[in-house]
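J.: Here is how the chains run, residue by residue.
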Amino acid sequence: MKPKKSITIGMILLLFPLFSPRAAEAGVLGLSLSPSIFEANIKPGKTITQVFTLKNNSAAEQTFVARVIPFTPGDALGNPSLRPNLLPEWLKYFSLSNSDIKLNEPFVLAANQSTQLILTINVPGRTGSGDLYSTLLVSSVVKDTPNVSSTMGAAIGSNLLLTISPLSHPPSLVRISDFAPTKTSFLFRYADVYLVDSLTPIYFSATAKNLGKYFVKSAGALKVEKNGANVSTQNLLANNILSNSERVLEGSPSGQLVYKPSLTSFGNYLVTLDLRNENSSSHAELTTLVLPIKITAVTTIAILVISSIIKVNKKKSDVKK
Amino acid sequence: MNFINKLYQLSRPIVAIGLIAVLAIVIFPIKTVQAADMSGSGYIIKMGTINIVSGTVGNSSVKLSTTVGQTVSGEFETTGYRLRSGFQHTATSEPFSFSLGTDAISLGSLIASTFGGANTTLTVGGAGVHGYSVKAIEDHSLQIGESQSTIPDTVCDPKEKCTPNRASPWTSTISYGFGYNMSGDDVDQNDFTDSTYFRPFANNQSNQVPVTLMGKPGRTEKATATITFQANISPTQGNGTYENSIQFIALPSY
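Protein chains in written order, with the UniProt record's numbering: chain A, 1 to 321; chain B, 1 to 254.
Bound conformation, chain B alone:
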């Protein structure tokens, strides 16, 4: 009994230290390192500026002041132009590139009220310092030739309707249509939360504009994402080959 009491006495400081350690971990959580360049030198002003406008504006938290002026022109006067191309500060050796894993997808023979799907990859490289975006638009809904028989663009599950700009779950087999899910690098994971989240494509026939599928501000050497196409047809859907064409557009940021 005496031995147990002694052991209890000895263990209490250890418990206290443990408690402090837990508190320290809670208050100072381990975070990922975020690198940033901090240097002591300022920047070099190569030419003097003659201010022609100045002023101060502000609100309760920020004071702002502005000046506007005109610098002396040199070479421009003789040549008539000044040119800059590529990203000056962090030029990439690799050109801006974009590729699709395939140039056509087949959803196969669809069975009513059963999801059919296919997927491919989108790869972007050399996006420079400012980043990029990849957008997509379809020419029209899946349809047979020029006929009016179409598989509509999905609205996902009836409870939470998805739009070209917002994904929502699509698990109900009585919700018919055609849509896509995105996963992988530079995909908005707040929108495509998991593999059940889908969106319809922006539709050119409905005067919609291309919608961003993946993108990132800042330097991107290489990014790959997977696009999963999904379709579900009603029992009354007519037989035939339903087709459309989808344009994927990769644009660098300026």
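This is chain A alone, in the form it adopts within the complex:
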């Protein structure tokens, strides 16, 4: 290659990053809301206030509407299922204390403008005890755009978990409803003993059910013991378990409940799951029999292959003699 040509190609390569396509920095229609969850335990007759920060991340002015919408647990992973058609009496407890923004009424934010939504919750004195689950939902008002197929609106929510009770720590009743190694983590099961390989991490699935009237936070730990001695401890993530619902329990910090045996792990291991909150607890346990199955299999196959090679060689050399 001529020196002039190679210099030209080098220059082009150096300039290439300047002209390569880039991901868009911001969408045309965007918004943010924080905090994304608000939890409170309120005595009947009390009023509380929480400030939410809303920002219009759009490239242009947008009109928004803030609403409080009841939700029910949508699944065991903590996803709410909004119920906009439910209009319970307790929606009247919620209001915005802003001078210029009201619930269910449109308001305008300029591009990149932030505002504070001051949510006031006023619980009347004779309100019965129980939980109220809702979402503060802020939606953009869909613009009337001519000659397009679909106009699109964006909405963002913040979950409101309220316990109405005269008690600071109302009674709770949470049970571990399911606890087992995942199907791919064990080789064989006999009664309550799971046969596992010493080289395979053991992942557990666990679910808790809240049978009480009030939501609780999962807390506790997954512990592995051998002969009474602690081998490992993994704390649980603090997930909210809503009243009369189930929730998958997760380990900190990855979300997975896992025990990784070492190469030298061998024998019976007791795995316990303890779920505790402020005034109740639940306990589950199972036994895993850890054996070096993979190591033994490979070693056996290796010995068989080597010994058969030696035998064949010996026979051949005997025939030659």
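Bear in mind the hints are in silico, worked out from the structure with no lab data behind them.
Among the hints, a few may not be true.
[What the hints assert, rightly or not] Computed footprint of chain A on chain B; a stretch qualifies when at least three of its residues, placed anywhere within it, have a C-beta under 8 Å from a C-beta of chain A:
1. 105-118
2. 121-133
3. 207-216
[Stated by the list, open to error] Straight-line alpha carbon distances no greater than 16 Å define the calculated EDC-like cross-link-like pairs of lysine to aspartate or glutamate that follow:
4. B:Lys216 to B:Glu243
5. A:Lys143 to B:Asp139
6. A:Lys55 to B:Glu77
7. B:Lys222 to B:Glu94
8. A:Lys223 to A:Glu285
9. A:Lys143 to B:Glu243
10. A:Lys311 to A:Glu285
11. A:Lys209 to A:Asp178
12. B:Lys216 to A:Asp75
13. A:Lys223 to A:Asp274
14. A:Lys46 to B:Glu77
15. B:Lys216 to B:Asp191
16. A:Lys217 to A:Glu39
Backbone N, C-alpha and C define an ideal beta-carbon position, used for all residues, glycine too.
Since chain A is already given, all that's left is putting chain B on it; use the hints.
T.: Using the frame of chain A, we list chain B on its own:
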């Protein structure tokens, strides 16, 4: 000949070692590392608990026991409330955010029995420790003004009908309607197997509820997915501008 025999003799142990290595790879496949926090310390119980209910339940594989009690109340008695906001354990510095690549899409001038499409992006940020979901619902099928003339919500290919909750292939040009495909971060790839898989939008006019397009349990700093809209009209479809509005809802998990 003698040399070849010697070479053969020498190569056999190498073949045996290779065979063992292959077996080892089959039995011990290389897996992605999955991190998990394992610590030796337990947790701290700050207040004592007086049990008021206890019991043991179980089945053949799991033993369960439960206690219920009541702790002492303190500050609550004077203030009348206890508050917590944000995610306590792994708070994100970034607020929960959601954006759409555009606020309107145009499918252009549709030609009968020919797919027309457009796409945009959905981006979620700061979803905290518990995760999030993005759902969508349309106000009604694509229609001209308030008239009864509509482009129906797709049912995809006649063999495998898609629903708002289940995607299926849509490649037949004699199957008419309007639907969408999803791809990218946190999209259910068991449902949207490839770019030929579509679903109709949940329809508010038919009293359907918003359906999840993307979502993930657990911490999510940022996720971006692409939504591809597709329409196909019959030769008898009337002329006009067909419109609807689609609401995308981003919700954090609790």
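J.: Evaluate each hint against the coordinates.
T.: For each hint, the structure was consulted:
{"no.": "1", "hint": "105-118", "result": "holds (count 4)"}
{"no.": "2", "hint": "121-133", "result": "holds (count 10)"}
{"no.": "3", "hint": "207-216", "result": "holds (count 4)"}
{"no.": "4", "hint": "B:Lys216 to B:Glu243", "result": "31 Å, violated"}
{"no.": "5", "hint": "A:Lys143 to B:Asp139", "result": "14 Å, holds"}
{"no.": "6", "hint": "A:Lys55 to B:Glu77", "result": "36 Å, violated"}
{"no.": "7", "hint": "B:Lys222 to B:Glu94", "result": "10 Å, holds"}
{"no.": "8", "hint": "A:Lys223 to A:Glu285", "result": "9 Å, holds"}
{"no.": "9", "hint": "A:Lys143 to B:Glu243", "result": "12 Å, holds"}
{"no.": "10", "hint": "A:Lys311 to A:Glu285", "result": "50 Å, violated"}
{"no.": "11", "hint": "A:Lys209 to A:Asp178", "result": "9 Å, holds"}
{"no.": "12", "hint": "B:Lys216 to A:Asp75", "result": "13 Å, holds"}
{"no.": "13", "hint": "A:Lys223 to A:Asp274", "result": "8 Å, holds"}
{"no.": "14", "hint": "A:Lys46 to B:Glu77", "result": "12 Å, holds"}
{"no.": "15", "hint": "B:Lys216 to B:Asp191", "result": "15 Å, holds"}
{"no.": "16", "hint": "A:Lys217 to A:Glu39", "result": "11 Å, holds"}
The structure fails to meet hints 4, 6, 10 from the earlier list, while all remaining hints are met.
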